[in-house]
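Protein chains in written order, with our numbering: chain A, 1 to 509; chain B, 1 to 114.
Derived by calculation from the structure, the hints in this document are not laboratory data. Incorrect hints may have been included.
Some chain B residues close to chain A (C-beta under 8 angstroms, calculated; not the full set) [what the hints assert, rightly or not]:
| hint | residue |
| --- | --- |
| 1 | Tyr11 |
| 2 | Asp20 |
| 3 | Pro100 |
Taking CB as the label site, the calculated pair distances span [what the hints assert, rightly or not]:
| hint | chain 1 | residue 1 | chain 2 | residue 2 | range |
| --- | --- | --- | --- | --- | --- |
| 4 | B | Glu87 | A | Gly463 | 31 to 37 angstroms |
| 5 | B | Gly84 | A | Gln379 | 24 to 30 angstroms |
| 6 | A | Pro36 | B | Ser102 | 35 to 41 angstroms |
| 7 | A | Val136 | B | Asp91 | 33 to 39 angstroms |
| 8 | A | Glu269 | B | Arg114 | 48 to 54 angstroms |
| 9 | A | Pro437 | B | Asp104 | 28 to 34 angstroms |
| 10 | B | Glu35 | A | Ala366 | 20 to 26 angstroms |
What you are looking at is a predicted structure, and each value in this text was computed from that prediction instead of being measured. The beta-carbon is built from N, C-alpha and C at its ideal position, and this holds for glycine as well.
Residues per chain are reported as follows:
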Amino acid sequence: MAPVGRDSELLCSQLAAHGLEGRECSDMLELAELLPQGAGAIFATEEALTPNGLGDLNRALAKQPPWSQIPIVIFTGTMTAGPKPLPPEIMKRTNVTLVDRPVRIQSLISAAHSALRARERQYEIRDLMRELEERVQERDRFLAVLGHELRNPLGAILLAAQMRDDDGKLDGDHADLIERQSRHLTRLVNDLLDLSRVAAGKIVLKQQPVDLRDVAAEALRVLQPVGDAQRVAIQLQRCARPLIVRGDPVRLDQIVTNVLSNAIKYTPEEGHVRVVLAEEEGSAVIRVTDDGVGIAPERIGVIFELFAQAENAIGRAQGGMGIGLALVRNLMELHDGTVEARSEGIGKGSEFLLRLPLATIDEQHAFQTPPRAEAPPAQLPPRKIAIVEDNADVRDLLRLKLKRLGHEVVIARDGVEGVQIVIDEKPDLALVDLGLPGIDGYAVAREVREKLGENVVLVAVSGFGQPEDKRRALASGFDEHITKPADVKDIEGVLRRFPPRNSSPDANV
Amino acid sequence: MSRSILVVEDYPDLRTAIVDVLSRNGCVCDCADAEAAIDKLRTNRYEAILIAPRLSISADPVLGYLLANQPGELAHVVLMTNPGDEEESPDARCGVLEKPFSRDELLMRIAAAR
């Protein structure tokens, strides 16, 4: 406050009596110097608002951050002409209340409270802005690291693809490398999408009793080629009895794959990774240990944070941005489980401990005596399949793979051609890309259904794998929705689920 | 004795692909992690040194070693960088290859560094 005479002393004592703290200033210059330390409101007498005083106030206000519009309560009434209106540049940066003198204590305190309430809203905005700024910075860092993370696999794929011989043929090693790195990129993209879905609370677990021995074996099968390429030996030590937990098999698989792939990534050539399954104190435990680069003690607590590995002091070029481990922690929490990292320090290897509640005795029992499923058919009978896809590479590759399995394949390059070919050729199954030029996949499905009814199995293929995308596809008449890149395994799965419709009209649709 | 190219890249599949491309084009390659690379540089001379900096260019141990001990060799260095990295090359004589790079870009940079 910048008043005259004893006003400020009186004011301070009144404010103090009502639990508010005041600071006296002899003039606007002193107030201007104090303002950067923070203030909830300014009280000033109109006498203090001399041209010099206004100049000082204006300079101080100009230095306030953009969210700030500090309330000013001005005591008026002693000047015969009344207060002059404040200059517009000051009005813009403050929030003025005029109080006539003599002031009643009640009005004074009420003016003070109302000024402080207004100020509190501004503080909320300040905090929100700070938070937003941090998030933007975090996102920028994330994108920078993501770019980093994509470049090594892409570089390896690009160079390996250019290793074709004079006949244009690629040898097995380089084809393997391309497949391995493409799968790595696919996992990365899936993890990325899942992480944002976990954050939005959109992942719903499809829980059932699962034997962790199967989960570990599958993760090992997938990552063995990665270990081989890096000359890291992976050893799996299964327990003798089934290790049954209640969980979503797909997510459990993702958890173990991520922890194992992380261990391989941070283990140098000729190193070792061990996966040990055990039942401990009523929990199912998966222990993944390696003799790799280890974790510095001060980093153990943060490695499950999204950006932790981006700033990894170890500095392996294969980096890793911590998407995998952040996702592991989130998915373990959804399963009421925990994940813990241990290391004796840099260069001393690490241990990751996954702990999940065991399934109930009933569930374990039910799992161990399942009705024996009939053995899967070894070879599918040949079918007629239509591929409606505008991307020539995707189309040709899929056609080649399906033909190799003995199926008859017809192709279409856009939606219009797609409708025509499905109606003319009446295939058993049509794979339809949703993002087609001309008429899109949804429209293709609607037209085909209109003309052919249920006599063809329609499968939507798209880059969008969220439940909403699937629902939309099914609503347009598709029987199934698979996410790109469509694997032959996915397509065979669909073929097994949908027997030829002309021969078995009661097929479960 | 024919001189060779030293490849310092930690990402195994990328290193494999680089070595395969260079070998098919008549180069002899020697691979090492940063520590081993420094040991090799103490005794051997290379016609080109391909380096993927660890973490950052300024913190890379191999570059640090060359700057301090064998600045003359910097003319034979090709840095494999990530576009968007803020840091500049420590020496104007170093070649730069932005990841991901193609076979032709790689061969061109190596030819220039020899």
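Against the structure, the hints:
no.	hint	result
1	Tyr11	holds (4 angstroms)
2	Asp20	holds (6 angstroms)
3	Pro100	holds (4 angstroms)
4	B:Glu87 to A:Gly463: 31 to 37 angstroms	holds (35 angstroms)
5	B:Gly84 to A:Gln379: 24 to 30 angstroms	violated (49 angstroms)
6	A:Pro36 to B:Ser102: 35 to 41 angstroms	violated (55 angstroms)
7	A:Val136 to B:Asp91: 33 to 39 angstroms	holds (35 angstroms)
8	A:Glu269 to B:Arg114: 48 to 54 angstroms	violated (28 angstroms)
9	A:Pro437 to B:Asp104: 28 to 34 angstroms	holds (32 angstroms)
10	B:Glu35 to A:Ala366: 20 to 26 angstroms	violated (55 angstroms)
In summary, the structure is inconsistent with hints 5, 6, 8, 10 from the numbered list given earlier, while agreeing with the others.
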